[in-house]
Every structure is written in structure tokens, then in C-alpha cells.
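Participant: Sequence:
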Amino acid sequence: MSVFLLVILHMLASLEHFMLGCDRATRESYMQKLIMAVTGDETAATGDMPTYQIRTPTTALPQGVVMAASPGTLHSPQQLAEEATRKRELRLMKNREAARECRRKKKEYVKCLENRVAVLENQNKTLIEELKALKDLYCHKAE
Numbered sequence: 001m002s003v004f005l006l007v008i009l010h011m012l013a014s015l016e017h018f019m020l021g022c023d024r025a026t027r028e029s030y031m032q033k034l035i036m037a038v039t040g041d042e043t044a045a046t047g048d049m050p051t052y053q054i055r056t057p058t059t060a061l062p063q064g065v066v067m068a069a070s071p072g073t074l075h076s077p078q079q080l081a082e083e084a085t086r087k088r089e090l091r092l093m094k095n096r097e098a099a100r101e102c103r104r105k106k107k108e109y110v111k112c113l114e115n116r117v118a119v120l121e122n123q124n125k126t127l128i129e130e131l132k133a134l135k136d137l138y139c140h141k142a143e
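Going by our numbering, the residue at position 91 of the sequence shown is 91; the numbering climbs one at a time, nothing skipped.
It is worth saying that the hints were derived from the structure and are not from the lab.
A hint or two may mislead.
In silico SDA-like cross-links for lysine to any residue, where the CA-CA straight-line distance does not exceed 25 Å [to be verified]:
| id | residue 1 | residue 2 |
| --- | --- | --- |
| 1 | K125 | Y138 |
| 2 | K105 | K125 |
| 3 | K33 | R96 |
| 4 | K111 | A98 |
Restraint-style ranges between C-beta atoms, simulated for each label pair [to be verified]:
| id | residue 1 | residue 2 | range |
| --- | --- | --- | --- |
| 5 | K105 | L80 | 48 to 58 Å |
| 6 | V117 | N95 | 31 to 41 Å |
| 7 | T26 | E129 | 29 to 39 Å |
| 8 | L80 | A118 | 53 to 63 Å |
| 9 | Y109 | R24 | 23 to 33 Å |
| 10 | V117 | K33 | 40 to 50 Å |
If you're wondering where the values come from, they're calculated on a predicted model, not measured in any experiment.
Note that the Cβ used here is the ideal one computed from N, Cα and C, for glycine as well.
My request is simple: use the sequences and hints to build the entire structure.
Facilitator: Laid out in C-alpha cells, this is it:
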């Protein structure tokens, strides 16, 4: 089996593993883009093409093992371009995941701030009521 085919099989397994953590709309979007990339058909984006299933490659490699070609085996410009494209797609996928995690953390941070605001508002309200009660008590004693 050629190194190129092993790299493709690993990319498909990695893509499937990545897509398991995505919601349905994201998976469908990735599938349409993948079909367009493989077939070169622009109608895939509209959903005019039948749905295809990507099956898990049956290899003896454990999940997460990367098969990479040594620098000496990449000869043609096409292989170099494919390697660059693969690296770019991997970088973009990692960037999307990092952005998703950043948005999740920001949402959690804002929620904590909102909770703190609610607690401080309640505390402020209680202190204002206590101050009013003490002023009324002081005014009544002065008379």
C-alpha cells in the first residue's frame, strides 16, 4: 500500500474522529465540502448529490497514529501541494476547535459575571433597606 494511500486513510479516520464531536449541521457541512473536494462537483453544496458514507478504514494502526512520509519520499509538486493542503486543513481544524473552546470559556466567564452581578445587586438592595431602617430608627429617637 502506498504512503499516499495510508495518509489519505489516516486523514479520513482523523476527520471521522473529529466529526464525532461536532453537531449535526457542522457534520453535514463538512460532508458537503468533502464531497465537493473529492468530486469537484459544485452541486454538492446544494444537496443535489446522494449522501455517501465514509467508513472507518480497517487498519491495524491505533487511533491517533500519524503515518507521514519522510521528506525524501515526496518528489512531485503534486505530492508537495497535497501535503501542504493536508497541513492547512489540519491547521484550520485545530483553529476551529480552539475558537470553539475560546467561545465556550468566554460564555462560561460571562455567566459567572452575571451570577456575581445578581448576588451583588441583592446584597446592595439588602444594605439599602438596612440603611433606611437605621435612618428611620435614628430619626424617631431624635424626636
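Participant: Next, verify each hint and record whether it holds.
Facilitator: Evaluation of the provided hints:
1. At most 25 Å may separate the alpha-carbon atoms for a hinted pair to count; K125 and Y138 meet this at roughly 20 Å.
2. Proposed proximity of K105 and K125 is contradicted: the alpha carbons are some 30 Å apart, above 25 Å.
3. Taking the CA atoms of K33 and R96, the gap is about 15 Å. The hint holds against a cut of 25 Å.
4. The suggested pairing of K111 with A98 holds, with an alpha-carbon distance near 20 Å, which does not exceed 25 Å.
5. The given range of 48 to 58 Å is broken by K105 and L80, whose C-beta atoms sit roughly 37 Å from each other.
6. One distance hint, 31 to 41 Å for the beta-carbon pair V117 and N95, holds here, with the actual separation near 32 Å.
7. Distance hint check for T26 and E129: the Cβ-Cβ separation is about 50 Å, which falls outside the suggested range of 29 to 39 Å.
8. Range check, L80 to A118: about 57 Å between beta-carbon atoms, so the 53 to 63 Å window is met.
9. Restraint check, Y109 to R24: a C-beta distance of roughly 27 Å satisfies the suggested window 23 to 33 Å.
10. At roughly 42 Å, the beta carbons of V117 and K33 sit within the given window of 40 to 50 Å.
This entry does not satisfy hints 2, 5 and 7, going by the numbered hints stated previously.
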